[in-house]
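Below, each chain spelled out in residue letters.
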Amino acid sequence: MKGVGVSPGVAVGPAVVAIQRTQILRFTVAPSQVSRELSALQRAREHSREQLRQIRKRVAAHSGPDLAFIFDAQLLMLDDPLLVDRAEAIVKTKLANAEWAVHLAMDEVATVLDGADDPYLSERKGDLHDVAGRLRMNLRNDTGGVRDLVRRLDRPCVLVADELTPSLVAQLDWTHVSGFATDAGSWTYHSAILARSLGVPAVVGLGDISQRVSPGAIVVLDGASGELWIDPNAQVRREVEARAGRASGAPPSTSRHGPLSTRDGVRVTIQANVDRVEDLWAAKHTGADGVGLYRSEFLLSGYDSNLITEEYQYLAYRRLVEASEGHQVTIRAFDVDDQQLTATATPLHFRPAHEGSRQTGHAGLRGIRASLAHPEVFKSQIRAVLRASALGPVRIMFPFVSAVEEVRAARRLVEEAREELGEDRTRSEVPVGVMIEVPAAALMAGALAREVDFFTLGTNDLIHYTLAVDRTDERVSGLYQPLHPSVLRLVRLVQRAGARQGIPVSICGEMASDPVILQLLIGFGLRTFSMAPSAIGLASHVIQQTSAAHVTTIAARVLRLGSVADIETYLGDALDDMPANVVSSIREE
Amino acid sequence: MTSAAITVTNQLGMHARAAARFVHMASMFDARIQVECGSRTVDGKSILGLLLLVASRGTTVTVTAEGVDEVAAVAALLELVRSGFADGASSE
Chain A
1 MKGVGVSPGV AVGPAVVAIQ RTQILRFTVA PSQVSRELSA LQRAREHSRE
51 QLRQIRKRVA AHSGPDLAFI FDAQLLMLDD PLLVDRAEAI VKTKLANAEW
101 AVHLAMDEVA TVLDGADDPY LSERKGDLHD VAGRLRMNLR NDTGGVRDLV
151 RRLDRPCVLV ADELTPSLVA QLDWTHVSGF ATDAGSWTYH SAILARSLGV
201 PAVVGLGDIS QRVSPGAIVV LDGASGELWI DPNAQVRREV EARAGRASGA
251 PPSTSRHGPL STRDGVRVTI QANVDRVEDL WAAKHTGADG VGLYRSEFLL
301 SGYDSNLITE EYQYLAYRRL VEASEGHQVT IRAFDVDDQQ LTATATPLHF
351 RPAHEGSRQT GHAGLRGIRA SLAHPEVFKS QIRAVLRASA LGPVRIMFPF
401 VSAVEEVRAA RRLVEEAREE LGEDRTRSEV PVGVMIEVPA AALMAGALAR
451 EVDFFTLGTN DLIHYTLAVD RTDERVSGLY QPLHPSVLRL VRLVQRAGAR
501 QGIPVSICGE MASDPVILQL LIGFGLRTFS MAPSAIGLAS HVIQQTSAAH
551 VTTIAARVLR LGSVADIETY LGDALDDMPA NVVSSIREE
Chain B
1001 MTSAAITVTN QLGMHARAAA RFVHMASMFD ARIQVECGSR TVDGKSILGL
1051 LLLVASRGTT VTVTAEGVDE VAAVAALLEL VRSGFADGAS SE
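Residue numbers (my numbering), protein chains in the order written: chain A, 1 to 589; chain B, 1001 to 1092.
Because the hints were derived from the structure by calculation, they are not lab data. All C-beta atoms, glycine included, are put in the ideal place defined by N, C-alpha and C. It is possible that part of the hints are untrue.
[To be verified] Which residues of chain A face chain B? A partial, calculated answer using Cβ under 10 Å:
#1 Leu82
#2 Arg124
#3 Leu421
Make the full structure from the sequences, and use the hints.
Now the structure itself:
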């Protein structure tokens, strides 16, 4: 096949195929795609098995073997011929996609179970629904699947995708990707810049490559000529490899020393988003300058919240602050639903609601709202943070703020907590800030800036609520667009409000991990970014190649454009001079 | 082929926990195992299949095994049913 070579070099490796595009829940597949569906089902099954084992372990440890038994039964169902074997048969005979087939197989069993008038059986039907639901979720969550697959591979793969969306780019560990190929799409310019920044050979504009390559097939591509072969014979492979003047797929060096600045000398700070103290070791290795977001709610996962005492939290925060060795640590107050804040551990509590502590999109009693509804829980958290602040520079951040009154109420509680502790046990200066992730807060940034010491833009939720798009719903996930002009304007508004008031503004959403958007954000005047440790190496590299003056001009132009398409086209042209510099610097290293 | 019949004697019959134990035991053997109850025959290594039998207390089930270790399989499974599905019986 032949496409457009956008990043030179030769890559060879087993294909990992990522389909980012909207999928229909039920569709028929071509006969040639059956094996792909079956392997997806197998992956989902393995993934589900691993999840169930983890849950079982947690439940067994906290509630004893009797409750853990539920998950034994579910694990058996995962291997049950009536469910998975049957689903496989349905894929083969009806050419149904795996997700649909699982649903059909479950329906068959459920119908028979319905016929039996036995209360115990209806309970098991609940388990059956759980297992089938988990399988389908894992099938659909192929983004996570790809990410994990890439990480697990023992040798670098060739990533084949319909398009490389910013969220996928941010999630992948690029040290495991030797090259990539895409169908094409609006992100062509983006793929090109990304590939050259990474020094990864790439071919784009291949049309239907993501449909034609089955996962695991050996893909050989030449990023200079734009050629690509699927399962080529040994001779072709030798010939192509001989063309390679240099080793392919060497990612930019990830360790860095000293302060980070742009090509024209503007200082930029990169911090790490951290869920657990352990993440911090990886972050420090990549040169992170402190923790820009510590998601404290991870302390709650798997535990009865009654067990999460002030003392327990203090120990956790102390470890975090000590491990940061004098760098700034920003601790975000629990961003969970009210129920998770107060619930005791039960198997139900462990089931879907808690997995991954994922709260994106939830608009109920969560974040600062839940904290204010439970002032004692909130104050015990604040006391623990204030105590840890004696050991290093700590900041407190309130999540999900939508009004000035919430900030005032929360600050009053912080003052109460401080008085309860007494002056000598805390640091005198503990900045208090808010996460800007609700459009209401972004629009009122000017007023909020007078009430707090700093802002952190939480772009994942901000995009979600601004565009009213649930990224986990594939039917609309394509509308989740970080470059939407409304999002960019809100980001700019918040940055200006902070600058006018003289308070720091940082950004901790995924969009900052995207090399293209990162440059644009620098152009908006943002200077502090917090991201997943795995994204820091690439981001540092991009920052060092960026001219702040140049991207500031570009950013001003972008703000005058009215559509995503216009912005993408403009960025494609405007940033085009950047990759050459990046490539040359990689070669010098 | 080896086959034997036995009556389910534990309080709740062959419901979830009992069925899970049965599947665990059956899966240790290579033999193909089937369980028959009334008009229905199911795979002895399928928890969903066993649940579908709705084998309550007092029901007679027939365990059939076919394969190299069929004799041992039937003996072990019969013993499991006879014991009221091992230690779980009394607590249920």
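Now for the hints, and whether the structure bears them out:
Annotation: leucine 82 (chain A) was flagged as interfacial toward chain B, and the flag holds, the nearest CB pair being 4 Å apart, inside 10 Å. Interface restraint check: arginine 124 (chain A) against chain B, minimum CB-CB distance 5 Å, threshold 10 Å, status holds. Proximity of leucine 421 (chain A) to chain B is violated relative to the hint, the smallest CB-CB distance being about 48 Å (cut-off 10 Å).
In this structure, the one hint that does not hold is number 3.
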